[in-house]
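Protein sequence lines, in the order shown, are assigned to chains A and B.
For the first sequence, this note's numbering gives the first residue as 1, with consecutive numbering after it.
For the second sequence, this note's numbering gives the first residue as 1, with consecutive numbering after it.
Take the hints with a grain of salt, since some may be wrong.
Quick look at which bits of chain B chain A covers, simulated, 3 or more residues with Cβ under 8 Å [claimed, not checked]:
id, segment
1, 96-105
2, 147-158
Cross-link-like lysine to any residue pairs, in silico, SDA-like; alpha carbons within 25 Å at most [as the list claims (entries may be wrong)]:
id, chain 1, residue 1, chain 2, residue 2
3, B, K173, A, Q249
4, B, K54, A, F144
5, B, K54, A, R88
6, B, K173, A, S149
7, B, K173, A, Q96
8, A, K78, B, T167
9, B, K188, A, L129
10, B, K173, A, F140
11, B, K173, A, L129
12, B, K173, A, K226
13, B, K173, A, F95
14, B, K173, A, L252
15, B, K173, A, E115
16, A, K226, A, L252
17, B, K54, A, F140
18, B, K173, A, D121
19, B, K173, A, Q97
20, A, K78, B, R253
21, B, K54, A, R104
22, B, K173, A, R88
23, B, K188, A, Q97
24, B, K188, A, E147
To be clear, the hints were calculated from the coordinates, so they are not data collected in a lab.
Don't be surprised by glycine CBs; every beta carbon is placed ideally from N, CA and C.
If you want the building blocks of each chain, they are given just below.
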Amino acid sequence: MKTGTDGPPPIEVRGLRKVFRQATTGQSVVAIDRLDLTIAPREVVAIVGQTGCGKSTFFDLMIGLTAPTEGTLAIGDKSPHAHFDFFRGRIATVFQQDRLLPWRSALDNARLPLELIGLPDGEQRERALAWLNRLGLGQFTNAFPHELSGGMRQRVAIARAFAVEPDIMLADEAFGHLDEVTAAELRETFLALARECGSTAILITHQLEEAIGVGDRIVVFGKSAKLLADIHVARWPKAKYALLREAIQSTLQSNKPDPRLHDPAAPRRKKANR
Amino acid sequence: MSMEHRESVPSLSFPRQTLVSLLVFALAWEALSHLAPYLGIPPFAIPSIVKIAKSFADITPLDIAVTLARVIGALIASFVFGVALAVAMYRSETLENYLHPMIRILMAVPVVSWILFAVLWFPGVEFRIGFVLVVVCGPVFLVDSLDAMRGVPRELRHMMRSFRPTTWQFFGKLMLPAIVPSLFTSWKVNISLAIRVVTIAELVGAVTGIGHQLSVAQELFSVADVFAWTLVLVALLFLLEALVARVEARMLRWRA
Numbered sequence: 001m002k003t004g005t006d007g008p009p010p011i012e013v014r015g016l017r018k019v020f021r022q023a024t025t026g027q028s029v030v031a032i033d034r035l036d037l038t039i040a041p042r043e044v045v046a047i048v049g050q051t052g053c054g055k056s057t058f059f060d061l062m063i064g065l066t067a068p069t070e071g072t073l074a075i076g077d078k079s080p081h082a083h084f085d086f087f088r089g090r091i092a093t094v095f096q097q098d099r100l101l102p103w104r105s106a107l108d109n110a111r112l113p114l115e116l117i118g119l120p121d122g123e124q125r126e127r128a129l130a131w132l133n134r135l136g137l138g139q140f141t142n143a144f145p146h147e148l149s150g151g152m153r154q155r156v157a158i159a160r161a162f163a164v165e166p167d168i169m170l171a172d173e174a175f176g177h178l179d180e181v182t183a184a185e186l187r188e189t190f191l192a193l194a195r196e197c198g199s200t201a202i203l204i205t206h207q208l209e210e211a212i213g214v215g216d217r218i219v220v221f222g223k224s225a226k227l228l229a230d231i232h233v234a235r236w237p238k239a240k241y242a243l244l245r246e247a248i249q250s251t252l253q254s255n256k257p258d259p260r261l262h263d264p265a266a267p268r269r270k271k272a273n274r
Numbered sequence: 001m002s003m004e005h006r007e008s009v010p011s012l013s014f015p016r017q018t019l020v021s022l023l024v025f026a027l028a029w030e031a032l033s034h035l036a037p038y039l040g041i042p043p044f045a046i047p048s049i050v051k052i053a054k055s056f057a058d059i060t061p062l063d064i065a066v067t068l069a070r071v072i073g074a075l076i077a078s079f080v081f082g083v084a085l086a087v088a089m090y091r092s093e094t095l096e097n098y099l100h101p102m103i104r105i106l107m108a109v110p111v112v113s114w115i116l117f118a119v120l121w122f123p124g125v126e127f128r129i130g131f132v133l134v135v136v137c138g139p140v141f142l143v144d145s146l147d148a149m150r151g152v153p154r155e156l157r158h159m160m161r162s163f164r165p166t167t168w169q170f171f172g173k174l175m176l177p178a179i180v181p182s183l184f185t186s187w188k189v190n191i192s193l194a195i196r197v198v199t200i201a202e203l204v205g206a207v208t209g210i211g212h213q214l215s216v217a218q219e220l221f222s223v224a225d226v227f228a229w230t231l232v233l234v235a236l237l238f239l240l241e242a243l244v245a246r247v248e249a250r251m252l253r254w255r256a
């Protein structure tokens, strides 16, 4: 667990651009166009945007699976792509589907990232078991994924991600496919564990309720990941959450910032008299 | 027993219908062996069940062991060669582009041609047999493994990469375990192929093995011996297949 000064490094995104060339047409597609974003250590940031806005591309860039076309994405002073091996065990992910390996038991799935960082066998087992127990799966450690419910499988996926106690925790629509009750429960668990681990958490979601309920900040992406709004949720009184949701909805639909998103805690400028 | 259970734990016992059909065939054969002289068929062509049973008594376990060793040795070599080359081809598109046409040509060459090549190229009998088996079975493992690796879901590959494995870890912990079901299918196909190919390969130049014994039986016009050795081959094939099916059921118990 990261405490005191031993916390995760900040994430700095400057002029980030990602262009793909379509294999079939040969045309260039700008997935992310000059994105600037700073995420402080231990912040929980929800990224919302419509389908195809570049959220998943940003996710892949955060993981380091692809390189930026232009600009920089740095975690501390290192790039997750250029310093790929450095981030082994420091970045973990929870995906939309559990993506468990079907031939591994719950325990063996949870210990997978610990095997990759080369922990001794005993420690792998101990840590994986501890995380499964914390997620309420102590009775199912030897079960194969097909023997578990969707919610239980996603719990194993969360245990797998937290097992390495990562600096950065990424979640891509991690609760979107679950029923409302299970999703809410897992969302809370995820948030509590991220806070307890001292991880910086970035959640990609299309569910505004989830974004408002979980994030310290909500980052709203427009087309090509254009930063339409950067909302500090704590500055919004709970009584105004409905207004906030409406304003984000309107921002997403119009692809331009809704004036109602003006930070309620920020001082408003009075209109100058002519 | 449910269908699911029957599929997961292969049985070595024969169902009643199989025993009945085998019995009917044996009775028909026996009848035909007695009627042969009246039908204008030479008596040696259709030996009686008793004569075939006597031939079984002359079966030499050493020849069975030698053939079995050749088959298993060659299958293991083919497996290692096929899977290793499939991994290399999966990793390098250039290598795949160069090797793919060659693999297709290898697979199109008839077994008899390989045997002739082996006789012309290599002096050692064991090496000839091993070469023929590996060149026939290896490409099957290779093509099946490569196809199976390409079929590993993108989501699983993406998940694995997100945890930053080394190349060895990526293949050791994801790709190879993921293709195990396909590898079992390849083993079953190749066991059958190898049993048939080894017999032909042993006909040419070998002084031990079931193929050699078949060749001797043919020279002696002993259909009973040919029959007995053929049945041994068939039994060997069933035994190996049952063994693989058992290992498969154990290793793939994670499947729903």
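Hint check:
1. Counting residues of the segment 96-105 of chain B whose beta carbon lies closer than 8 Å to any beta carbon of chain A gives 0, which falls short of the minimum of three for the stated coverage.
2. A stretch counts as covered by a chain when three or more of its residues have a beta carbon under 8 Å from one of that chain; for the segment 147-158 of chain B and chain A the count is 3, and the coverage holds.
3. For the hint linking B/K173 to A/Q249, the alpha-carbon distance of about 43 Å lies beyond 25 Å, and the restraint is violated.
4. Our distance criterion of 25 Å between C-alpha atoms is broken by B/K54 and A/F144, whose separation comes to about 53 Å.
5. Between B/K54 and A/R88 the CA atoms are separated by roughly 68 Å; this puts the pair beyond 25 Å, and the hint is violated.
6. Simply put, B/K173 and A/S149 have alpha-carbon atoms about 24 Å apart, close enough for the 25 Å limit, and the pair holds.
7. Taking the CA atoms of B/K173 and A/Q96, the gap is about 22 Å. The hint holds against a cut of 25 Å.
8. Proposed proximity of A/K78 and B/T167 is supported: the alpha carbons are some 22 Å apart, at most 25 Å.
9. For the hint pairing B/K188 with A/L129, the CA-to-CA distance comes to about 38 Å; that exceeds 25 Å, so the pair is violated.
10. A C-alpha spacing of about 22 Å is found between B/K173 and A/F140, which places the hinted pair at or below 25 Å, so the restraint holds.
11. The suggested pairing of B/K173 with A/L129 holds, with an alpha-carbon distance near 20 Å, which does not exceed 25 Å.
12. A threshold of 25 Å between alpha carbons decides the hint, and for B/K173 with A/K226 the separation of about 38 Å lies outside it, so the pair is violated.
13. For the suggested pair B/K173 and A/F95, the alpha carbons sit about 19 Å apart, so the restraint of at most 25 Å is met.
14. Distance restraint check for B/K173 and A/L252: the Cα-Cα separation of roughly 41 Å exceeds the 25 Å cut-off, and the hinted pair is therefore not satisfied.
15. For a cut-off of 25 Å, the pair hint linking B/K173 to A/E115 stands: about 9 Å separates their Cα positions.
16. Among the hinted pairs, A/K226 with A/L252 is consistent with the structure: their alpha-carbon atoms are about 11 Å apart, no more than 25 Å.
17. A threshold of 25 Å between alpha carbons decides the hint, and for B/K54 with A/F140 the separation of about 58 Å lies outside it, so the pair is violated.
18. Taking the CA atoms of B/K173 and A/D121, the gap is about 15 Å. The hint holds against a cut of 25 Å.
19. At most 25 Å may separate the alpha-carbon atoms for a hinted pair to count; B/K173 and A/Q97 meet this at roughly 19 Å.
20. Only pairs whose Cα atoms come within 25 Å are accepted, and A/K78 paired with B/R253 is rejected, the gap being roughly 43 Å.
21. A threshold of 25 Å between alpha carbons decides the hint, and for B/K54 with A/R104 the separation of about 52 Å lies outside it, so the pair is violated.
22. This hinted pair checks out: B/K173 and A/R88 have alpha carbons roughly 16 Å apart, not beyond 25 Å.
23. Straight-line distance between C-alpha atoms of B/K188 and A/Q97 comes to about 34 Å, which puts the hinted pair past the 25 Å bound.
24. This hinted pair does not check out: B/K188 and A/E147 have alpha carbons roughly 28 Å apart, beyond 25 Å.
The structure fails hints 1, 3, 4, 5, 9, 12, 14, 17, 20, 21, 23, 24 (numbered hints given earlier, in ascending order).
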